[in-house]
Amino acid sequence: MEPNKGLVSALFLFFLLHETIASPTPKPHIKPRPPPHRPCRHLTFYFHDIIFNGKNSKNATAAIVGSPPWGNRTILAGQSHFGNLVVFDDPITLDNNLHSAPVGRAQGFYIYDRKDIFTAWLGFSFVFNSTQHRGSINFAGADPLMNKTRDISVIGGTGDFFMTRGVATLETDAFEGEVYFRLRVDIKLYECW
Amino acid sequence: MEPNKGLVSALFLFFLLHETIASPTPKPHIKPRPPPHRPCRHLTFYFHDIIFNGKNSKNATAAIVGSPPWGNRTILAGQSHFGNLVVFDDPITLDNNLHSAPVGRAQGFYIYDRKDIFTAWLGFSFVFNSTQHRGSINFAGADPLMNKTRDISVIGGTGDFFMTRGVATLETDAFEGEVYFRLRVDIKLYECW
Amino acid sequence: MEPNKGLVSALFLFFLLHETIASPTPKPHIKPRPPPHRPCRHLTFYFHDIIFNGKNSKNATAAIVGSPPWGNRTILAGQSHFGNLVVFDDPITLDNNLHSAPVGRAQGFYIYDRKDIFTAWLGFSFVFNSTQHRGSINFAGADPLMNKTRDISVIGGTGDFFMTRGVATLETDAFEGEVYFRLRVDIKLYECW
Chain S
270 MEPNKGLVSA LFLFFLLHET IASPTPKPHI KPRPPPHRPC RHLTFYFHDI
320 IFNGKNSKNA TAAIVGSPPW GNRTILAGQS HFGNLVVFDD PITLDNNLHS
370 APVGRAQGFY IYDRKDIFTA WLGFSFVFNS TQHRGSINFA GADPLMNKTR
420 DISVIGGTGD FFMTRGVATL ETDAFEGEVY FRLRVDIKLY ECW
Chain B
270 MEPNKGLVSA LFLFFLLHET IASPTPKPHI KPRPPPHRPC RHLTFYFHDI
320 IFNGKNSKNA TAAIVGSPPW GNRTILAGQS HFGNLVVFDD PITLDNNLHS
370 APVGRAQGFY IYDRKDIFTA WLGFSFVFNS TQHRGSINFA GADPLMNKTR
420 DISVIGGTGD FFMTRGVATL ETDAFEGEVY FRLRVDIKLY ECW
Chain R
270 MEPNKGLVSA LFLFFLLHET IASPTPKPHI KPRPPPHRPC RHLTFYFHDI
320 IFNGKNSKNA TAAIVGSPPW GNRTILAGQS HFGNLVVFDD PITLDNNLHS
370 APVGRAQGFY IYDRKDIFTA WLGFSFVFNS TQHRGSINFA GADPLMNKTR
420 DISVIGGTGD FFMTRGVATL ETDAFEGEVY FRLRVDIKLY ECW
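Chains as they are written, first to last, in my numbering: chain S, 270 to 462; chain B, 270 to 462; chain R, 270 to 462.
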């Protein structure tokens, strides 16, 4: 982001000064800031979460590892799963097909954090190690998961995503009971180094 | 932060060049950097945490969901609660009154992480959805909670707080035994988009 | 980082304009961006993690506080410890000697998040309170810990590390069974305020 801003202001000043030099009465006219923000990079992925339920150990990509006093670690707790901490290592795909070749792994955790409605707090990374992408994107934020879309923060990155920041829009693309869900993640990076 | 810096440097250059053009012997004079940092945005809130203790399920806004081998999930563990992971969904208010109308929710977790003194690691969000604020602010950092004030990082934001960064100063405003505490959060944002 | 960029672009423009004024046919020539990124600050530390195993409560600096349904909190679980959540308060030293005087504490958590190989997700802080450093550095990211080196994000800082961002390279410097490990952390900060 920085270099572009540098160029824009350099060009802007360049023309401002030309005008200034040509005109006898210079009017310092500050151009209004251009409208909102365009991502410097835009990526879309899907990831697939299969929670261990005591019977699916072969396929499960996630497990409950913390629960409230009234819960256990095999069945998501009542009261909107409040207090369940889930660890995951989910395949990332380019389309919405669980069986497509994964392009990376989504790894981290979510904690259900509200009693009266489904919301969670997320901390996780997308980890890539392919010819297309190498490196990681780190995410954190609140996921009010009953909303059609919700925004979390891209808080950093490494490798191909060195020092990046941005916003990721999550959308529940599908779910099956309490075992499987699929998220569509629309990553808009606004700081690209 | 960025646009202001752009304008400032544009104006600075504008005048520098005017001077340069007028004077026969240009003196490239670089203005010293202005003193420290002023937040581009400054907000103060309170939030209220009521930990479930087995008897207060109606009022509780938080629950212990992880504990060390020597602990359980109804009573905070000995040794400064080391190892207790607490999930919370706490009301945010503008003043220090628990019963004031909440303006948002503080959602996330803290983990007590030291045996000989009370310290915790925090990952949480302020989630707003009112006419005044819409969006979220994401926080992370160490909370040495016996200190009068302690600083954590604002690592990102969405909506009205798009891409923000800053520092939040926490202060324990009140506590009652091991069930209730109230934090005052002074949020100073230094990157505002 | 910002101020330097400001100065650089100011000087660049200053000379660009001088040239422009002197020459009859101005050629707006944008200098290419200088090669990669040099840290504005570079620090190296070690930290030492001793996991509680039921017998070492005196020395232990970490404890298992969450585990998958098939595990417990005294022994790291099978399947690459998938699902174990560990809280730590580890001494930071300047060299690789566990018994050197600590210069700070590494505090936070890691969660083993993969079944077929050792990987973890980290959220933690370096907390300093000495004459040399005062303040904190906050980290988050994926740690594929079988790799010789792996990068995580510096997502913020306070005090001497106010608003910093960067990348930290982790390297397992030593480990002893499942009880002790030592990480070398090479912190490269690219945003320094």
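Just so you know, the hints here were simulated from the structure itself, not pulled from any lab data.
Heads up, some of the hints might be wrong.
Here chain R is said to cover these stretches of chain B; the calculated rule only asks that three of the stretch's residues, wherever they fall, bring their Cβ under 8 Å from a Cβ of chain R [stated by the list, open to error]:
1) 343-354
2) 387-395
3) 419-428
4) 441-451
Taking lysine to aspartate or glutamate pairs in the EDC-like style, the calculated list, with each CA pair at most 16 Å apart, reads [as the list claims (entries may be wrong)]:
5) K327(R) to D385(B)
6) K327(B) to D385(S)
7) K327(S) to D385(R)
8) K384(R) to D385(S)
9) K384(B) to D318(R)
10) K384(S) to E445(B)
We treat Cβ as the ideally placed atom computed from N, Cα and C, and that holds for glycine.
Here is what the structure says about each hint:
{"no.": "1", "hint": "343-354", "result": "holds (count 4)"}
{"no.": "2", "hint": "387-395", "result": "holds (count 3)"}
{"no.": "3", "hint": "419-428", "result": "holds (count 5)"}
{"no.": "4", "hint": "441-451", "result": "violated (count 0)"}
{"no.": "5", "hint": "K327(R) to D385(B)", "result": "12 Å, holds"}
{"no.": "6", "hint": "K327(B) to D385(S)", "result": "12 Å, holds"}
{"no.": "7", "hint": "K327(S) to D385(R)", "result": "12 Å, holds"}
{"no.": "8", "hint": "K384(R) to D385(S)", "result": "32 Å, violated"}
{"no.": "9", "hint": "K384(B) to D318(R)", "result": "14 Å, holds"}
{"no.": "10", "hint": "K384(S) to E445(B)", "result": "23 Å, violated"}
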